[in-house]
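Sequence lines, in order, name chains Z, V, P, F and L.
Residue numbers for the first sequence follow my numbering, so the first one is 1 and each next one is one higher.
Residue numbers for the second sequence follow my numbering, so the first one is 370 and each next one is one higher.
Residue numbers for the third sequence follow my numbering, so the first one is 739 and each next one is one higher.
Residue numbers for the fourth sequence follow my numbering, so the first one is 1023 and each next one is one higher.
Residue numbers for the fifth sequence follow my numbering, so the first one is 1296 and each next one is one higher.
For the record, the hints were derived by calculation from the structure and aren't laboratory data.
Positions of the beta carbon are idealized from the N, C-alpha and C atoms, including for glycine.
A few of these clues could be false.
As the list claims (entries may be wrong) - Beta-carbon label-pair distances, calculated as ranges:
#1 Z:Thr310 x V:Ala493: 40 to 50 Å
#2 V:Lys628 x L:Leu1422: 48 to 58 Å
#3 F:Glu1160 x V:Trp562: 44 to 54 Å
#4 L:Pro1402 x Z:Trp193: 29 to 39 Å
#5 P:Glu887 x Z:Pro107: 31 to 41 Å
#6 V:Phe572 x P:Asn771: 53 to 63 Å
#7 Z:Thr336 x F:Ser1061: 18 to 28 Å
#8 V:Ala493 x Z:Thr39: 55 to 65 Å
#9 V:Ser417 x L:Lys1318: 58 to 68 Å
#10 L:Thr1423 x F:Glu1273: 52 to 62 Å
#11 V:Phe572 x P:Ala860: 41 to 51 Å
As the list claims (entries may be wrong) - Calculated cross-link-like contacts (lysine to aspartate or glutamate; reagent style EDC-like; alpha-carbon spacing at most 20 Å):
#12 F:Lys1259 x Z:Asp185
#13 F:Lys1145 x F:Glu1156
#14 Z:Lys157 x V:Asp710
#15 Z:Lys259 x L:Asp1385
#16 P:Lys939 x V:Asp708
Residue strings, one per chain:
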Amino acid sequence: MSDSAPNFEADERIKAEPLISRLMKRPELGAIAGVLLVTIFFLITADSAMFTASGIINFMTPAAQLGILAIGAALLMIGGEFDLSIGSMVAFSGLFFGVCVMVWGLPLIVAIPLTFVFSACVGAINGFIVIRSGLPSFIVTLAFLFILRGLSLVGLKWASGGSTQLRGVRDATENDWLAPFFSGDAFPGFFAWLAEAGLIETFQNGTPKVPGMPVEILWFIAIALVATYVLLRTPIGNWIFAAGGDANAATNSGVPVRKVKVTLFMVTACCAALVAIITVIDAGSTDARRGFQKEFEAIIAAVIGGCLLTGGYGSAIGAFFGSIIFGMVVIGLTYTGFDQDWFQVFLGGMLLIAVLFNNAIRKRVTGER
Amino acid sequence: MSDSAPNFEADERIKAEPLISRLMKRPELGAIAGVLLVTIFFLITADSAMFTASGIINFMTPAAQLGILAIGAALLMIGGEFDLSIGSMVAFSGLFFGVCVMVWGLPLIVAIPLTFVFSACVGAINGFIVIRSGLPSFIVTLAFLFILRGLSLVGLKWASGGSTQLRGVRDATENDWLAPFFSGDAFPGFFAWLAEAGLIETFQNGTPKVPGMPVEILWFIAIALVATYVLLRTPIGNWIFAAGGDANAATNSGVPVRKVKVTLFMVTACCAALVAIITVIDAGSTDARRGFQKEFEAIIAAVIGGCLLTGGYGSAIGAFFGSIIFGMVVIGLTYTGFDQDWFQVFLGGMLLIAVLFNNAIRKRVTGER
Amino acid sequence: QDISVVVHGQANDAFWSVVKAGVDQAAADTGANVSYNSPETFDMVLMSQLIDAAVNEEPDGLIISFPDPDALGPSVERAISAGIPVITINAGGAQAAELGAAMHVGQDEYDAGVAAGEELAAMGGTNAICVNQEVGNISLDQRCAGFEEGFGGTVTVLPTTNDPAEIESKVAAALASDESIDTVMALGASTAGEPSVAAVKASGRDVNVATFDLSAGFLQSVVDGDAAFALDQQQYLQGYLAVSVMALQAKFGLMPGGDVASGPNLITADKAGQVIELSAQGIR
Amino acid sequence: MSEDSKFHHGEVKDSVPPIVQMKNIEKHFGNIIALAGVSFDIRPGECHCLLGDNGAGKSTFIKTMSGVHQPTHGEILFEGKPMSFATPRDSMEAGIATVFQDLAMIPLMSVARNFFMGREPTKGRGLTKRFDVEQANEITMTEMRKMGINLRGPDQAVGTLSGGERQTVAIARAVYFGAKVLILDEPTSALGVRQTSNVLATIDKVRSQGVGVVFISHNVRHALAVGDRFTVLNRGKTLGTAKRGEISPEELQDLMAGGQELAQLEGSLEGTV
Amino acid sequence: MSEDSKFHHGEVKDSVPPIVQMKNIEKHFGNIIALAGVSFDIRPGECHCLLGDNGAGKSTFIKTMSGVHQPTHGEILFEGKPMSFATPRDSMEAGIATVFQDLAMIPLMSVARNFFMGREPTKGRGLTKRFDVEQANEITMTEMRKMGINLRGPDQAVGTLSGGERQTVAIARAVYFGAKVLILDEPTSALGVRQTSNVLATIDKVRSQGVGVVFISHNVRHALAVGDRFTVLNRGKTLGTAKRGEISPEELQDLMAGGQELAQLEGSLEGTV
Ligand SMILES: Nc1ncnc2c1ncn2[C@@H]1O[C@H](COP(=O)(O)OP(=O)(O)OP(=O)(O)O)[C@@H](O)[C@H]1O
Ligand SMILES: Nc1ncnc2c1ncn2[C@@H]1O[C@H](COP(=O)(O)OP(=O)(O)OP(=O)(O)O)[C@@H](O)[C@H]1O
Ligand SMILES: O[C@H]1[C@H](O)[C@H](O)OC[C@H]1O
Ligand SMILES: [Mg+2]
Ligand SMILES: [Mg+2]
């Protein structure tokens, strides 16, 4: 009746598992099924222009702007907290940045770091109140949603002398050497060459439809990679998962939960600041409604990408794909013949189907009940 | 070394506890501190008109409309789920009700129950998808936020022949015997008597400034009482707490968690339908933007009132007071002399202070760390 | 012909659904293939991306509203440099013309505000509130600013959300806390205008209420004497004319030599009655 | 280990039909095989011990019996009829009460509310039918006292109870509601000596009332004190079932350890841990 | 209970200064008094058992020692100096490792990540300094195997482990990181016989290396097998401390039960539960 000596390498208690199910178990990759589904949908229903180089860049740009926020939100959600103030933070740090450039006339090399520091401080305030009071971050950051939005309005009126729009940033930064890192298109030469070679489409008059790769897309990819690395390959990543999984157990195991959470609030605020800087330079203006409801969309993208609202589970890559799904659906309708009145029905339906599909595929592949 | 026989009635392991700290421990009563704080603030800063009979009714009316939703949202949150579609549900069931009355010409005695049944079905669909897929209710009901909002637009255009507003409901229901239960003011005679007796203010011509008690306030109070009774004094209440506290443990203990959750989704949808019916009859019309962002405000009110976003903890009375705090703050600033541009800063600041104050008082009184 | 319309207002906004009705009617009348899009909130960054998406399809003509010349400028330049003719509607005509837009159909928001202010001042108003249900939308700010200019007296901006119940309470609160308010200027008819009328009625005071844009309910109040007037910009024309002209441009290369001022058009008690039915059908 | 216990021991009558019969149960979680074919039955009036090493599959097995998991393969007969419990509520309604290893308690809820969770006593009728809070409180306090725990009050949140107090709530609840079968997954693990002896005495009492008891334990002495039959699991498979008296404590302990050697403790622990 | 154990027993040298000394600790939760003045110390190389009935306050007491709770009254000396640990991290950095009764594990995280939570091994330096996942996996598997658990793999989520497997992770982790004091709150409650003997053997091993061990158990036999001193708590107060040999198993069991009578089990359980 005695048992054979256990042999770890070939445990009889494990079935062989195909690679695909091992991959689908990772929260990073769950959202890919949704991306595929949405892509197929638009390949069938949308104008072919959607999947040309210019079409892809066109939906990737809003996806990237959303995605930078969504990755921040995802990190924070994995760490067990919310930040509902990131949308307002986009407006507020946009205002601060605008004031740096337009009112104080600072060069970008000063204005940009200052904006990040400033935003990180606001994020830290959020974090400190949450930590010290023990209140849910939902309600604390919600208060800041209103406060920052309101301050943006007041600040804009002050800075612009009564308007809710601050204009002229593009002209003021045009010749700054740092501007190309935060605005416009990267690799224009390469794209011009592609156009000449006939590899990407041009307008009738010969100019390439895509002048280059919008920098936000590069930022988006870079941030997704860094966030993934931090989450999966650094001690801090482990702390983030632990803090969100069970703050009590994590504290008792020696994880500096408070520091981790405050840091995450600061990171999220910096993501908002980055989006603000990029869009303010790009648009050349900022207004009191910038970033409106972006907190909401960022959370949506993170959740589509597999983050749990209860914390402790999720991934940056998931948020990456979640943002792409969201961006594709929002912009995609333009390329289809559907009536705009149906837009919201369509948006809601696509989101639901994409998430249900992700979920069904994951369950089927991994053999979960 | 042996111990005296334990005596339950006078356990030496318990300190005497004053009544107030026993009361403050109840989630129901935590929010009272916030109400007091906000009231005192406005007594000092606001125009005295705010706390006359007409002033109170003036801020209680939106508070009541919000509160009916907030109590539904609170029940659902205690049960561990969210419904982000209630705002859209107000528009959608408003449309359905409008169609019943205007297009199909049904009397209220048919139209109102039909609207409730219809809304409950939509709520049940939400619930079923959440339960069957195991997806977070956040993302599922978010999809319905968009879908229902979109369908309201499409439906309104169909029902009104191209406009986004369906009108004439007031005229159509004016003579229906059921209308006074869902619109207008209750107890007009009593208020007229109060006015004659000089107990409430009158216009110069002697008519009372407040013709009666808006019915939504009565509904609001009634629903808060019923919900509190259900939560604290019925088996279903126990199931709601259990389902939200730990769905797994509750299922394993024999609580029919799925049924409870689906029922809660239906209840929440019915709360939205009630608000829709009241506002549509009152305003005489419905449009595609009704209830916009109400889901958000309802959750805010529930959280101010002490509900945990993670489920399993909270109260209907808390949501009641939370709605009143929110209503007072939103309307209150108008009575003060502050620059209205600061409205959002003020709203956020007041919410934060009210919640921090609730929290601080509770901790101090109950001796928690 | 393919024509793309991208505007800043939402399809479920009563005002913009009328624009869309005009667009749809013109599409039917001219046989043009028209796509109509808008961002989900007043979001200039997303709107510029929607314009880019439309331009990618290389339509024969592009019709846009232009509330933020800075943010939308590059997208418009891209369209124009790609050889796509552009017509602007509703907002921002002058600035777009500088970039090479062919024509504008709309009302100048500031001038419309001035006109409304002068009218209400003439009715004896000295102390007004301007009810803004969409704070941060630059067009609405311009209306309040113009109104202040034309009105001459005290003007307080009352920012609100777009919930009618809340607006009613806030207007009531504003009236209760300042006895000298005699004028209410609402910036949207059904969201802000109708609840303002209700609040004024409940206050029992003699206050003039006017609104930008139309709604059947508000027009009824004008007829009944509970409200002073509505300022119509006939947005149906903005949609209809722009598409018709663009279709003709695509077919024959025709383009009028100047802009069309679709408003402001003051609707007072004498005209309101005729307009109600059309407004209820989503045409005015 | 003395055989002359003060306990009455149920006669395992092979003739009496089992209440629950589990045939060749398999349970897979994704690619993990937790149970690879286990058969087991429980008869009225007996205490059937389920023993085995950590991770052997004991908890998974009893969760299959009480409707938490659905078996991947295999058959469950309840009173002779094929039965599949879709939820724990179904199994409860059939008369099976379970103390899960994780206790299935809601930390934020009071002791009394946890005690009656899913089976609240009511008073009044029709619309006034309501949760009888007073009765619930009273029963809770009484049943807990029977098990040797004097609670400070019935409204303390379970999350603030000590480990043993919490475990006692789960046991008292199951005993109170257990009608035909009582499943106890390591019920004494967190209990003090007094509470443990109460639980063992309780097992004996309910068994004598004809209830079938499934008792999981790592404590050979506890198992031998009350068990009538012993089934040992190892790595998801059953190593066989022995009747009381057919097996010595040392043999049993050897089986429970999966046949592997123990660290040098025998001396100080007198043969059984 | 035989006194001639195979274990080495630490000499409780009264002369050696204690590592941690707790003086007259009180802890109140709101109106609940969990500890009403408890004194305790732990010296290097000894195993000090903390015993007592359910709800006596053992867990609350050791949580105060490891920085989870701050005492309401009383003083803590660490290596002779007054010390107040604000967080568990502080106490860890001072060299105290704890296995909490609730284990302090994150269910959604893998075994290896839980094992190293808060103290991740790194490789590389500067910007490339990163979590050394391979090393973490390897150490986890090895340490678990030492305790008698063969995991299927280091990346299984802790939430899907069996009760005993999970408890073993917590113990292996504490042992791996325990530098000066190792606190074990009912570490063997969910363990199989093999794992239990491993843990007891481990306690003996680390003690002989000069680590002070605080061992909480309800099992008199386990306590006597490894304990050098025994402190008994009852209803938040201490009933006194006894040295090994000064007290008989029966006396000890009596104290642990708070002096109350046990159900009739003595016969079958040979004196100690
Ligand atoms: N949901 C699950 N997903 C994956 N593996 C699981 C799951 N549940 C259990 N297992 C694995 O199945 C095996 C059996 O677990 P089970 O809890 O039944 O053991 P047990 O016999 O009760 O052990 P213990 O005595 O430690 O409580 C374990 O190795 C465990 O890791
Ligand atoms: N956070 C808390 N709030 C209120 N009461 C508490 C709290 N923590 C513990 N208690 C109470 O303090 C007493 C001591 O609890 P503790 O967990 O220390 O007991 P224990 O000796 O570890 O018992 P066990 O052997 O059952 O684990 C218990 O009666 C418990 O109900
Ligand atoms: O002209 C429109 C304005 O630009 C804004 O969108 O609100 C609706 C209309 O008044
Ligand atoms: Mg188990
Ligand atoms: Mg304990």
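Going down the list of hints, with the structure as the test:
1. Z:Thr310 x V:Ala493: 40 to 50 Å: For Thr310 of chain Z and Ala493 of chain V the Cβ distance comes to about 24 Å; the hint is violated.
2. V:Lys628 x L:Leu1422: 48 to 58 Å: With a Cβ separation near 54 Å, Lys628 of chain V and Leu1422 of chain L satisfy 48 to 58 Å, so the hint holds.
3. F:Glu1160 x V:Trp562: 44 to 54 Å: Holds, since Glu1160 of chain F and Trp562 of chain V (Cβ atoms, about 49 Å apart) stay within the stated range.
4. L:Pro1402 x Z:Trp193: 29 to 39 Å: 54 Å, violated
5. P:Glu887 x Z:Pro107: 31 to 41 Å: 38 Å, holds
6. V:Phe572 x P:Asn771: 53 to 63 Å: Between Phe572 of chain V and Asn771 of chain P, where Cβ atoms are some 59 Å apart, the hint holds.
7. Z:Thr336 x F:Ser1061: 18 to 28 Å: Roughly 59 Å apart at Cβ, these two residues miss the hinted range, so it is violated.
8. V:Ala493 x Z:Thr39: 55 to 65 Å: With a Cβ separation near 33 Å, Ala493 of chain V and Thr39 of chain Z fall outside 55 to 65 Å, so the hint is violated.
9. V:Ser417 x L:Lys1318: 58 to 68 Å: Once the Cβ atoms are compared, 60 Å apart, the range 58 to 68 Å for Lys1318 of chain L and Ser417 of chain V holds.
10. L:Thr1423 x F:Glu1273: 52 to 62 Å: 56 Å, holds
11. V:Phe572 x P:Ala860: 41 to 51 Å: 28 Å, violated
12. F:Lys1259 x Z:Asp185: 63 Å, violated
13. F:Lys1145 x F:Glu1156: The given pair, whose Cα atoms are some 10 Å apart, holds under the 20 Å limit.
14. Z:Lys157 x V:Asp710: With a Cα-Cα distance of about 9 Å, the restraint between Lys157 of chain Z and Asp710 of chain V holds, given a limit of 20 Å.
15. Z:Lys259 x L:Asp1385: 14 Å, holds
16. P:Lys939 x V:Asp708: Violated: Lys939 of chain P and Asp708 of chain V sit about 26 Å apart, past 20 Å.
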